[in-house]
Amino acid sequence: MMPIGHYLFLSLALFIIGTIGVIARRNVIIVLMSIELILNAVNINLVAFSRIFGEAAGQVFALFIIADAAAEAAVGLGIIIAFFRNRETVLADEMDLLKW
Amino acid sequence: MLDSIIFYFFAGVAILSAVLMVTRRSAIHSAVFLITALLATAGIFLQLRAEFLFVAQIILYVGGIMVLFVFVIMLVRLDVALHQLRFSKQKWVSLIVALALFAQIAVMFWISRRLPGAGLPDAAPVDKLPPNAEALAKSLFGPYLLPFEIASVLLLVAMVGAVVMAKKRTEPE
Chain A
1 MMPIGHYLFL SLALFIIGTI GVIARRNVII VLMSIELILN AVNINLVAFS RIFGEAAGQV
61 FALFIIADAA AEAAVGLGII IAFFRNRETV LADEMDLLKW
Chain B
101 MLDSIIFYFF AGVAILSAVL MVTRRSAIHS AVFLITALLA TAGIFLQLRA EFLFVAQIIL
161 YVGGIMVLFV FVIMLVRLDV ALHQLRFSKQ KWVSLIVALA LFAQIAVMFW ISRRLPGAGL
221 PDAAPVDKLP PNAEALAKSL FGPYLLPFEI ASVLLLVAMV GAVVMAKKRT EPE
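Residue numbers (our numbering), protein chains in the order written: chain A, 1 to 100; chain B, 101 to 273.
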């Protein structure tokens, strides 16, 4: 395998790109997709360290994170569908029901 | 040598498609680029000899979660959103947050004065590794049995929650 720093930098780059997506995009579906990207970046770290230490626990936790991502995507997309049915929009700027 | 070529190929594909995912205007293009990024990550997992996670990544993420995303993108009418602004007014905030994150890591390296992982042991050679799925299963059903069961409860709750959220409300008269 490559030195661990390469994996850490790849993970860092994906994490930062995902953060920009979460904060800057207006479409809520793309915000959710950016969250998936962030979770994925964390998985790279876990698997790389699991490989270095020869310990399967890192991969177990990567598996838990994948299950978490599935649960989060299901609930988040359910909320988006319910919101779209009520307000006819998926833009984050217009989601201000709790604002005032 | 071959190892580094494979790594740089998959890492380049992952970062490029992640950037394209965040910047494309159409949500369906974003979804396709996210699928590419996830597949490239699966390649990285395979290069790290995590074969089970490689398969799980493709089946769960690309086959399951992304299909769900594409379904919702098709359900939600996007032609209205397509002609509007791509980024919200907070895009400068997001740049500042990204720069702050990067600066934190850079300062951390600057203080420690060495590359990450310099003191760590070398990884075991490939032919000395135990079978991946076997090691994973021994760990998952041994010390991590309780988190495994909790994850199944979490998935059940998420499933019920998604159905409750997405179902049409009928007003009681």
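Mixed in with the good hints there might be a few duds.
[Claimed, not checked] To give an idea of the chain A side of the interface with chain B (calculated C-beta under 7 Å), a few residues: (1) Met2; (2) Gly21; (3) Asn27; (4) Ile29; (5) Ile30; (6) Val31; (7) Ile38; (8) Leu39; (9) Val42; (10) Arg51; (11) Ile65; (12) Ala67; (13) Ala70; (14) Asn86; (15) Val90.
[As the list claims (entries may be wrong)] Short, incomplete list of chain A residues facing chain B, as computed with Cβ under 8 Å: (16) Met1; (17) Ala13; (18) Asn45; (19) Ala73; (20) Ala74; (21) Leu97.
Because the hints were derived from the structure by calculation, they are not lab data. On a predicted model such as this, the values are computed, not experimentally measured, just so you know. Every residue, glycine too, gets a C-beta built ideally from N, C-alpha and C.
Verification of the supplied hints:
1. Met2: holds (5 Å)
2. Gly21: holds (4 Å)
3. Asn27: holds (6 Å)
4. Ile29: Since chain B brings a Cβ to about 5 Å from Ile29(A), closer than 7 Å, the hint holds.
5. Ile30: holds (5 Å)
6. Val31: violated (10 Å)
7. Ile38: violated (10 Å)
8. Leu39: Not OK, violated: Leu39(A) not within 7 Å of chain B, min 10 Å.
9. Val42: violated (11 Å)
10. Arg51: Holds, because the Cβ-Cβ distance from Arg51(A) to chain B comes to roughly 5 Å (cut-off 7 Å).
11. Ile65: At 10 Å from the nearest chain B Cβ, Ile65(A) fails the 7 Å test, so the hint is violated.
12. Ala67: Holds, because the Cβ-Cβ distance from Ala67(A) to chain B comes to roughly 5 Å (cut-off 7 Å).
13. Ala70: Holds, because the Cβ-Cβ distance from Ala70(A) to chain B comes to roughly 6 Å (cut-off 7 Å).
14. Asn86: violated (9 Å)
15. Val90: holds (5 Å)
16. Met1: Holds - the Cβ of Met1(A) comes within 8 Å of chain B, reaching about 5 Å at its closest.
17. Ala13: Because about 5 Å separates Ala13(A) from the closest Cβ in chain B, which is inside the 8 Å limit, the hint holds.
18. Asn45: violated (10 Å)
19. Ala73: holds (5 Å)
20. Ala74: Holds. Min distance 4 Å.
21. Leu97: At 15 Å from the nearest chain B Cβ, Leu97(A) fails the 8 Å test, so the hint is violated.
When held up to the earlier numbered hints, the structure conflicts with 6, 7, 8, 9, 11, 14, 18 and 21 and fits the remainder.
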